[in-house]
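J.: Sequence:
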Amino acid sequence: MNKNRSDHYIITEIVEKNSRILDIGCADGKLLHLLIKKKNASVQGIEIEHSKVEACLKKGLSVVEGDANKEIISFPDKSFDYVILSQTLQTVQRPKWILNEILRIGKKAIISFPNFGHWLCRFQIMFKGKMPVTKDLKLAWYDTNNIHLCTIKDFNNLVADMNYVTEKHYGINKNRKIITHPLNSTFLNLLASHAVFLIKNK
Numbered sequence: 001m002n003k004n005r006s007d008h009y010i011i012t013e014i015v016e017k018n019s020r021i022l023d024i025g026c027a028d029g030k031l032l033h034l035l036i037k038k039k040n041a042s043v044q045g046i047e048i049e050h051s052k053v054e055a056c057l058k059k060g061l062s063v064v065e066g067d068a069n070k071e072i073i074s075f076p077d078k079s080f081d082y083v084i085l086s087q088t089l090q091t092v093q094r095p096k097w098i099l100n101e102i103l104r105i106g107k108k109a110i111i112s113f114p115n116f117g118h119w120l121c122r123f124q125i126m127f128k129g130k131m132p133v134t135k136d137l138k139l140a141w142y143d144t145n146n147i148h149l150c151t152i153k154d155f156n157n158l159v160a161d162m163n164y165v166t167e168k169h170y171g172i173n174k175n176r177k178i179i180t181h182p183l184n185s186t187f188l189n190l191l192a193s194h195a196v197f198l199i200k201n202k
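Sequential numbering of the sequence shown, starting at 1, is according to the numbering used here.
Among these hints, one or two may not hold up.
[As the list claims (entries may be wrong)] Derived lysine to aspartate or glutamate pairs resembling EDC-like cross-links, with alpha carbons at most 16 Å apart:
id: 1; residue 1: Lys38; residue 2: Glu13
id: 2; residue 1: Lys59; residue 2: Asp28
id: 3; residue 1: Lys39; residue 2: Glu13
id: 4; residue 1: Lys200; residue 2: Asp77
Just so you know, the hints here were simulated from the structure itself, not pulled from any lab data.
Note that this is a predicted model, so its numbers are computed, not measured.
Let the sequences and hints guide you as you build the complete structure.
T.: Structure, rendered in structure tokens:
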């Protein structure tokens, strides 16, 4: 396991064996390959960057090259046990729309994202007066694809507003350690630099 992708470890632990999985924004397919190896999953990916699609195909993975906003609408309802959106939510133009589509085609959704409410982000804004640059937010605001940064509290509110249910949630701190002990949302929002949510329809 790549130590820099603790979310991959969490996702692999969440997923049940022999599941049908779609990974939106699957990059070079490392997570898909891991899910096949560890969980005997039937996997498919969507990726917009040609070089990353080629990397997936070299691994023997089933990946569609294209824009997820266009490709996702072609899948029938409940085609997958899990739909994964890892490190991608903050880059999409319509987060509510994509979440609705994910939970249309999937029984459950696994969402991971950098937490803008982390104490280091707050510190940089308060004392430097600038948009944060951290391990999870590596690029300056003018070079990043992130257009909808949010906090854990923001995401909790979104899930509630859309009438979905959070089944599980996890935090990852700045040292890539997984926060497993129970914390209320205020402390998790402060201590976690990254979050992973398992959500579903009511």
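J.: All the hints need checking, so say for each whether the structure fits it.
T.: Hint check:
1. Lys38 x Glu13: holds, 9 Å
2. Lys59 x Asp28: OK: lysine 59 and aspartate 28 at ~9 Å, within 16 Å.
3. Lys39 x Glu13: holds, 9 Å
4. Lys200 x Asp77: holds, 14 Å
In this structure, every one of the numbered hints holds.
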